[in-house]
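> Protein chains in written order, with this note's numbering: chain A, 12 to 512; chain B, 13 to 377.
Some hints could be false.
Result set (DSS-like, lysine-lysine): computed pairs, CA atoms no more than 25 Å apart in a straight line [claimed, not checked]:
| id | chain 1 | residue 1 | chain 2 | residue 2 |
| --- | --- | --- | --- | --- |
| 1 | B | Lys189 | B | Lys165 |
| 2 | B | Lys116 | B | Lys88 |
| 3 | B | Lys106 | B | Lys85 |
| 4 | B | Lys165 | B | Lys106 |
| 5 | A | Lys154 | B | Lys290 |
| 6 | B | Lys288 | A | Lys154 |
Calculated from the structure, these hints are not laboratory results.
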Amino acid sequence: MSINWIYPEYEVVRNPDRCVSCRVCERQCANEVHRYDPGLKRMLADESKCVNCHRCVALCPTRALKIVRTDHAFRENANWSGQTIHEVYRQAESGGVLLSSMGNPQSSPVYWDKLLINASQVTNPSIDPLREPMETKTFLGRKPTHIRRDSEGNIVPDLPPQLELSTPILFSAMSYGSISYNAHESLARAAEELGICYNTGEGGLHKDFYRYGPNTIVQVASGRFGVHKDYLNAGAAIEIKMGQGAKPGIGGHLPGTKIVGDVSRTRMIPQGTDAISPAPHHDIYSIEDLRQLVQSLKETTHHEKPVIVKIAAVHNVAAIASGIARSGADIIAIDGFRGGTGAAPTRIRDNVGIPIELALAAVDQRLRDEGIRENVSLVAGGSIRSSADALKAIMLGADAVYIATAALLALGCHLCRSCHSGKCNWGIATQRPELVQRLDPEEGSRRLVNLVRAWTHEIKEMMGGMGINSIEALRGNRLMLRGVGLTDTELRILGVRHAGE
Amino acid sequence: MLREGLDGVRIPSGCAVSGIFSKSGRRRSGEDIIRSIALMHERSNGLGGGFAAYGIYPEYKHLYALHVFYEGKRPKELCEEFINEHFDVVNLSKIPTRKNPRIKDEPLIWRYFVEPLPTKLAESQLDQDTFVSRCVIRVNSQIDGAYIFSSGKNMGVFKAVGYPEDVGDFYRLEDYKGYCWTAHGRYPTNTPGWWGGAHPFALLDRSVVHNGEISSYDTNRRTIEMYGYQCNLLTDTEAITYLIDFLVRRRGLSYEETASVIAAPFWSTISRMEEKEKARLTYLRSAFSGMLITGPFSILVGFNGGIMALNDRLKLRSMVVGEKGDDVYIASEESAIRVVEPHLDTLFAPRGGEPVVYRLNPPAE
Chain A
12 MSINWIYPEY EVVRNPDRCV SCRVCERQCA NEVHRYDPGL KRMLADESKC VNCHRCVALC
72 PTRALKIVRT DHAFRENANW SGQTIHEVYR QAESGGVLLS SMGNPQSSPV YWDKLLINAS
132 QVTNPSIDPL REPMETKTFL GRKPTHIRRD SEGNIVPDLP PQLELSTPIL FSAMSYGSIS
192 YNAHESLARA AEELGICYNT GEGGLHKDFY RYGPNTIVQV ASGRFGVHKD YLNAGAAIEI
252 KMGQGAKPGI GGHLPGTKIV GDVSRTRMIP QGTDAISPAP HHDIYSIEDL RQLVQSLKET
312 THHEKPVIVK IAAVHNVAAI ASGIARSGAD IIAIDGFRGG TGAAPTRIRD NVGIPIELAL
372 AAVDQRLRDE GIRENVSLVA GGSIRSSADA LKAIMLGADA VYIATAALLA LGCHLCRSCH
432 SGKCNWGIAT QRPELVQRLD PEEGSRRLVN LVRAWTHEIK EMMGGMGINS IEALRGNRLM
492 LRGVGLTDTE LRILGVRHAG E
Chain B
13 MLREGLDGVR IPSGCAVSGI FSKSGRRRSG EDIIRSIALM HERSNGLGGG FAAYGIYPEY
73 KHLYALHVFY EGKRPKELCE EFINEHFDVV NLSKIPTRKN PRIKDEPLIW RYFVEPLPTK
133 LAESQLDQDT FVSRCVIRVN SQIDGAYIFS SGKNMGVFKA VGYPEDVGDF YRLEDYKGYC
193 WTAHGRYPTN TPGWWGGAHP FALLDRSVVH NGEISSYDTN RRTIEMYGYQ CNLLTDTEAI
253 TYLIDFLVRR RGLSYEETAS VIAAPFWSTI SRMEEKEKAR LTYLRSAFSG MLITGPFSIL
313 VGFNGGIMAL NDRLKLRSMV VGEKGDDVYI ASEESAIRVV EPHLDTLFAP RGGEPVVYRL
373 NPPAE
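Please work from the sequences and hints to get the whole structure.
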């Protein structure tokens with residue numbers, strides 16, 4: 012083997028005055044960075060294995076550790092960054108496609124940060140959410156186009172199937188297999204307590220979690236892993252995954268090393284085989300095929316459950332969404348290009364697709380222009396980082412938002428972006444039992460509940476500030492947004508005026 | 013100066029509203045409503061006032077009465093060409109006015125009594141009301157300088173930039189007799205450049221006077237614009253009028269049901285109701301979620317044969333209702349009722365979101 016040209020990105024800094032050689036760091040690190048040298052009687056570290064996940068730092072009882080970015084550097088070059096050079100070295104060595112995890116870390120524009128929210132002054136009173144009702148309840152699904160009355164003239168309240176949420180936030184799809192049993196249980200329990208939904212992802216639903224059905228969205232993806240009649244009927248809604256923001260246009264690949272035990276059983280594939288989701292659904296090569304899948308899923312579930320179609324935000328997303336809105340689907344989920352993933356080819360993650368803000372604004376406007384916005388609800392995801400992002404998404408036109416990275420952060424994820432290695436020290440993106448047990452579903456769900464409640468509080472405060480006491484009065488309320496530092500084109504697409512106008 | 017709505021300018025306003033309705037259909041002149049709204053002089057600032065009156069054109073009660081503002085002769089020619097193409101004009105005239113030193117810069121103000129041309133109507137495959145409303149929206153959004161501000165049968169809107177009492181004097185409202193009158197005094201926070209921005213706002217026979225500033229405006233506007241309406245004025249009142257027109261005329265809701273959509277009860281209230289009512293209100297709220305109005309408002313909705321008063325669900329604007337025999341008085345302030353009728357049988361303040369609807373007895377034709 013040739014010499015490794017890559018100097019480690021991070022350095023493990025250990026304060027010898029504090030370290031008591033308790034070896035916690037050694038036991039906690041699945042990457043085997045730390046080891047004890049009996050001869051020297053002290054701890055040593057192999058930085059080349061470190062992914063900067065902070066597990067050792069967080070558990071070090073004497074706070075003797077920190078991980079810092081190395082100051083070792085290439086000659087300065089504005090065109091060839093150290094990262095780029097490293098990637099060339101790695102590919103020259105391996106001949107392979109670069110893999111990455113979690114969302115695009117590049118400095119592409121984040122429009123949320125360039126949108127500002129309004130508040131009432133004088134002409135219209137703000138409303139105090141501590142004193143007045145402040146409503147975040149949300150219904151997702153198609154709206155009726157005409158009203159039916161019985162023989163006495165009373166309205167027949169026959170709403171098409173709806174997904175009822177206490178707050179307009181859902182946990183986005185993450186499959187059992189890509190994340191652990193305990194991570195799934197945390198999400199399911201939190202969703203139940205919050206009155207929202209989590210999403211199984213494409214790996215089927217573990218038999219233990221059928222009892223969270225009313226708070227579960229079951230996903231049907233191109234690999235159809237774990238899909239059967241009971242599964243489809245178990246959830247509150249069915250999601251057809253056509254695409255994912257982190258990797259539009261390609262499928263998925265869960266390595267055989269993760270297809271063990273219950274994961275294999277739940278996915279209904281043999282242990283140790285790679286779970287490969289094809290890039291397209293091989294029964295959907297066009298919009299009319301999608302319509303057939305939507306209808307057959309509805310038939311299977313007696314037309315009682317809304318069907319979601321999830322697509323990645325790509326260039327012609329508005330036209331695609333318009334087609335989906337006429338396909339019989341009840342909800343469209345749009346996933347922006349900063350959305351997360353358990354594993355994606357780096358070049359695709361960082362270069363394919365468009366930001367969710369622009370996609371969402373374009374889709375909402377297109378559906379309105381065509382008069383079919385009430386045919387579907389819109390869920391936006393692909394990096395909603397805070398309650399402010401969530402609120403801005405709703406103001407641009409979303410009915411609700413999907414969050415996944417934020418939910419994983421709540422569970423302990425430190426965004427080391429190494430999910431594809433399967434050695435998640437926080438027990439989230441791994442199937443190794445000794446790592447999985449580190450995530451306590453009781454504690455995990457408590458933290459998820461806290462996060463969503465905190466965001467909901469913040470949303471209510473901002474709503475009250477605008478004199479709005481019901482979330483539906485903010486949906487598509489773009490007049491309450493202003494842009495800063497945006498071009499005319501960006502403002503036009505977002506449908507927002509510049510601050511000061 | 014930028015003109016309200018036409019140049020993308022949106023102006024919030026505070027306001028006074030008043031309404032007088034006779035359940036027995038007794039018609040009275042415009043003098044009482046002028047006295048009522050004039051008492052609330054302090055609630056307006058001279059930048060907008062107006063009236064809607066019902067039952068004023070009995071001799072033409074089967075014809076649509078179009079009241080039109082023209083900024084010059086050219087828009088008038090264009091608009092009349094359009095009207096002649098689409099309608100049979102039975103009568104036309106200038107609307108009679110008198111000079112008032114505080115009402116200035118008046119446009120040309122014309123009135124047409126029309127009915128849709130049968131051939132055009134058949135060609136459009138629409139019912140009469142839809143045909144007329146589409147024509148009105150088309151003129152207002154496409155003919156620069158022409159603005160149809162009243163288009164109902166046996167009713168009319170009279171409005172201008174000025175204090176409402178001067179507007180009433182200007183339009184000689186003492187010469188009209190109606191069973192229902194509503195009035196509006198406006199307190200915009202900016203200077204509206206033209207008369208179209210004054211209230212009431214009306215489409216067909218539905219007119220709305222409104223006090224408040226709705227925080228759901230853009231949600232409501234973008235929702236209603238999906239159904240062929242165009243909010244040209246960017247005022248709350250315009251959006252509210254279209255919402256009500258849509259829900260009542262096109263979706264067939266009653267005014268009470270409409271109130272349950274635009275000033276819906278809170279979910280916490282709905283959850284305490286018996287199952288049937290819960291299902292009904294859940295249906296209305298979720299089916300028309302984009303039409304919920306938040307923020308302060310008190311509105312009076314006039315329509316042929318009735319009137320509805322409605323407050324926002326938190327009651328962030330004042331409004332009281334008084335009754336005396338067959339007569340009903342509704343106003344932002346009690347004093348504006350007492351100045352017309354000091355001896356009331358009853359007086360009450362409707363709760364937030366609680367619609368108060370009165371209809372003619374017997375009903376209008």
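> It remains to establish, for every hint, whether it holds in the given structure.
Hint-by-hint comparison with the structure:
no.: 1; hint: Lys189(B) <-> Lys165(B); verdict: 15 Å, holds
no.: 2; hint: Lys116(B) <-> Lys88(B); verdict: 20 Å, holds
no.: 3; hint: Lys106(B) <-> Lys85(B); verdict: 13 Å, holds
no.: 4; hint: Lys165(B) <-> Lys106(B); verdict: 18 Å, holds
no.: 5; hint: Lys154(A) <-> Lys290(B); verdict: 18 Å, holds
no.: 6; hint: Lys288(B) <-> Lys154(A); verdict: 20 Å, holds
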